[in-house]
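Residues per chain are reported as follows:
Number of protein chains: 2
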Amino acid sequence: MTASLSDDLKSIIDDTPVFATVATVQPDGSPQLSITWITRDGDDLLFSTQVGFQKERNLRRDPRVTVMINPADAPYTYAEVRGSVELSSEGAQVLLDQLSRKYTGKDYAEFRPSAKKNAERVVVRVTPRKVVGSL
Amino acid sequence: MTASLSDDLKSIIDDTPVFATVATVQPDGSPQLSITWITRDGDDLLFSTQVGFQKERNLRRDPRVTVMINPADAPYTYAEVRGSVELSSEGAQVLLDQLSRKYTGKDYAEFRPSAKKNAERVVVRVTPRKVVGSL
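Sequence lines, in order, name chains A and B. Heads up: the first sequence begins at 342 in this note's numbering, then just goes up one per residue. Heads up: the second sequence begins at 342 in this note's numbering, then just goes up one per residue.
Heads up, some of the hints might be wrong.
To be verified - Calculated pairs, DSBU-like style, for lysine-lysine (alpha carbon to alpha carbon, straight line, at most 35 angstroms):
| id | chain 1 | residue 1 | chain 2 | residue 2 |
| --- | --- | --- | --- | --- |
| 1 | A | K351 | A | K447 |
| 2 | B | K457 | A | K457 |
| 3 | A | K443 | B | K351 |
| 4 | B | K447 | A | K351 |
| 5 | A | K457 | B | K443 |
The hints are simulated quantities; they were obtained by calculation from the structure and are not laboratory data.
Let's have the full structure, built from the sequences with the hints guiding it.
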C-alpha cells in the first residue's frame with residue numbers, strides 16, 4: 342500500500358524552500374529527529390544524508406520513517422508522511438547539489454566549503470504509506 | 342540523568358511563538374509526529390494535548406518523547422530534546438489558555454470556538470534526558 346501526496350503538498354515541496362523534520366527509530370526504540378532539505382520524485386520524498394550519521398545508521402537498521410512538512414508561513418497546516426525508505430549511493434552528489442541550489446542558490450561545495458570532500462553521501466527515497474494532516 | 346536547556350533555547354521558547362515538533366512512538370514502534378505550542382517550567386518542556394489523541398495514547402503506553410525546536414527565522418539552528426513525559430490533568434485548562442495567549446493573543450475558547458467544551462485536556466511535562474543541536 343502506498344499513498345499519494347496532495348497537489349498542495351507537491352507545490353510546497355516544489356516551489357518553496359520548506360524544511361522537513363525527519364523522524365527515525367533509535368536502537369533503543371525512541372524517536373530521533375533532524376531537520377533536512379527535501380525534494381520529491383512523483384510521490385516519493387527524497388533527501389540526502391551521509392554514511393555514518395545517526396539518521397543513516399537508524400534507517401539501515403529500521404527503514405521506517407516519518408516526515409513532517411509544516412510551512413513556516415502557514416504553521417497550522419502540515420503533512421505527516423509515514424513510510425519506509427530505500428538508501429542508495431547512486432546519484433547522491435547530484436541530489437545534494439540539486440537540494441543545495443534549491444535552498445541556498447549554490448552548489449553544496451560552495452555553500453559549505455568545510456564539508457568533507459570524501460564524505461559518502463546517500464540518497465534517501467521515502468515511499469509514503471500514509472499521509473496525515475491538512476496538506 | 343536529566344539535561345538542561347541552554348539560555349538561547351530558553352529565550353526562544355519564552356520570547357517567540359516557536360512551534361515544536363513532537364515525536365512519539367506508535368504501537369508498532371514507528372515514529373508519530375505532530376506540531377504543537379510549547380512553553381517550559383525550568384528545564385522541563387510543557388505542552389498540551391487531549392485525552393484520546395494519538396499522541397496522548399502513545400505517551401501513556403511509552404513515555405519516551407523527542408521534541409524538535411527549529412525557529413522559522415533561523416532554520417539552520419535547532420535543539421532536539423530527548424526525554425520522557427509525565428501526564429497530568431491538573432492545571433490543564435490554565436496551561437492551554439496560557440499557550441493560546443502566547444501564540445494567538447486569545448484564550449483558547451475564543452481562538453477555537455469549535456473545540457469541544459468537555460474535551461479532557463492534559464498537561465504533558467517533558468523532562469529532558471539529552472539535548473542535541475546548536476541551540
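Practice item. Just pull the numbers of the violated hints for me, sorted ascending. Key: Failing hints, ascending: 2 and 5.
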